[in-house]
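Asker: Line by line, the protein sequences are chains S and L. Note that the working numbering has the first sequence beginning at 1, numbered continuously upward. Note that the working numbering has the second sequence beginning at 1, numbered continuously upward.
Calculated directly from the structure, the hints in this document are not laboratory data. A few of these clues could be false.
Chain S is faced by these chain L residues, among others (derived, beta-carbon under 7 Å) [what the hints assert, rightly or not]:
#1 Phe22
#2 Leu24
#3 Ile30
#4 Ala49
#5 Leu51
#6 Leu52
We treat Cβ as the ideally placed atom computed from N, Cα and C, and that holds for glycine.
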Amino acid sequence: MLAGIDYFIVIAYIIGMLLLGLYFKKYVNSSEDYFLGGKSLPFWAIGMSIVVSDIGALDFVGVSGQAYRYGVSVGNFDWVGSVPAMLLAAFIFIPYFWRGGMYTIPEYLGRRYNQKVRTIASVTWILFFALDLGVLFWASAVLLNVLMGWPIWISIISTAGVVGLYTYFGGITAVIMTDVVQFIIMFIGGFALVFLSLYEVGGWDNMVEKISTMGPEYRNHFDIIQPQDTKSPFPWTGILFGLTFVMANAYMIGNQSIVQRCLTAKNEWHAKASMIFGSALKMFIPILVLFPGLMAVVVHPGLLDGDQALPMMIKSILPPGLVGLMFAAFFAGLMSSVDSLLNSTATLFTKDIYEPFIKKGADDKHYLKVGQITTLVLLVVGVATSPISSDFPGIYVAIQTFMSYFQGPIFAILLLGIFWRRTTEWGGLSALVIGIGFAVYLNVFKEQFFTIEDPFLYISWWSFLLSFIINITVSLLTKKHTEEQLEGLVFSSKILVKNKNL
Amino acid sequence: MDETEFNGRLKEAQINNALGVFILVFGIIILFAMIYTETFVEHMTDMTAGLLLISIGGGMVWKARKTMKKLREKKKNNMEI
C-alpha cells in the first residue's frame, strides 16, 4: 500500500482530474460539442490523447510483463504495429471521414455500403465497448484497493463517480484534455523510471550481458524478429500479416475511439497532423513500457507473474513522490480508457442507432441529451457488471479476442470501400457477416488450425483475407453504385495534396 | 479575425491555461516530495521531474495568458473602431 506523500499525490490527482474535467462543461452547448469537441481542438492535444488511449494502464502493465517474459519483440506492437497504420490513416482515411463531417466509422460504412452494414458494425462496437467497461471498472477498483486500501465497492463507485461526472458534463473535450495531462505525467514518470532502472542495472551493456547469461529461455530476449516456431505469441509471420497488415490498420483506421479524436480537430490539417504527431510519440512508448520490463529481469529475477514486473520496478526504483505520480498515471490510464469508451459508445448509439431508428429529425439539444443519458446508462451498466470480471479472470483476454473477431472483416470492407469503386453494398454486407463468422469458427477450433497457444494475429489475418475475397467476388456479381453515390467516399489522388477547411 | 476564429483561439487559450495550472501544481507537489527522498540520485530525480513539470505547466499558463490578453485587446480595439 502507498503511504504518506504518494497517497496524497494519488488523491490530489483524482480530485484534480475531476475538477479539470468539469471545467470543460462550459464548452458543451450542442451535440457536436459533446461528440466532436465543437471541431476546435489542436493537433498536439489530439495526438497525445490518441497515444494515451491506445496505451491504457492494463497495456502498460501487460506490455512490461510480456517484455519480462519474451523480450523486445513485444515492441513490434508500438513500432511496425502502429506507426505505418497511423500514417496511412492520416493521409488516406482521416481526410474522407473529416470532409464528410462524419461522427462515426459505421457512418462512413453506411454511406459507402448500406444501413445494414452500418448497424452491424455499430452494434458490434457497442457490445465490445460495453463489455470492456465492466472489466476496466473492476481493474480500477482493484488498483485503488491495493494502493489505497479502499474497499472494492467504494473504489468502483468513486472511479465511476469521477469519470462519469466529467465525461457526462464535458464530453470529448474533457476526455482529450485530461488525456493530455496524463500523457505529460506518464512520460515524465516513465523516463525517470527508465533512467533510474538503467542506473540500477549498471547500464544497457551490463543488462544485456546479464540477461544473456541467465539461461536458454532468455536467448531470444533481444531479437525483435522472432522465428516462426517461437514459443512466444509473436512469430514474425503473425507480426507481419496479422499485426502490421491487419490489426494495426484495423485499430488505427477502424476503431471509433481513436478516429473520433481526429474528427474533433479544428481543420483537416490538424486532423491529419494529430495522427502524424501521435505516430511520432508512439515510437517512444516501447522505451517507457518495455525497458522497465526488461530491466526487471535483472533486478527482480524469477517473478512468477510477469505482470508484476512494472509495479515491482516502480516500488523498488522510484523515489517518494514519483511513486505516487506513476501510480496516479496508472489510475489515470484506466480513467482514460473508461472515459473514451463511455463517450465513443454514446456517440455510436446516438448517431448510428437512436437517430436513424428511434427518433429522426429531432432538434440538436435532444441528441445532446440522448448522448448524456447514454453515458449515464453505460456508467450504471459498467458498475453493475464489473464484479463479473472477478469471477472470470480471463475475461480481459476474452474481450481482446472478441475484438480480433471483427477487426479483420471491418478493415477489409473499409479498405475496399475506399480504394475500389466497384465494391457494392451486398459485397460489403456479406464480407462483414461471413468474415466475423469465420473468425469465430477459427477461434473455436484453433487447436486444429494453429500450433501456438494464442493465435489471435493469425485469426485476424485469415478473417481479413476471406472478407476481402468475398467482398470482391460478391461485388462483381451484384449491381454497382452510381458515380453520384460514390462522390466523396472513394479514393482520389487529390486527397493527398489538398486540404479542405470546412 | 472573425467571431468564430476569435472564440476558437480564446477557447484554446483558456484550455491551455487550465491544463497549465494543473501541471504546474503537480510540479510543485513533486518538488516538495524531495524532502522525503534519501539518496542523492532520488533527490535529483524528484527535482528534475518537478522542475520539468513546473516549466511545462508554467510555460502553458504564461503563453495562454499572453494570448488571452492579446485577444481581449484586439477585441477592444475592434469595438472602438
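Asker: Can you list which hints this structure breaks, lowest number first?
Answerer: Numbers 2, 5 - these are the hints that the structure violates, sorted from lowest upward.
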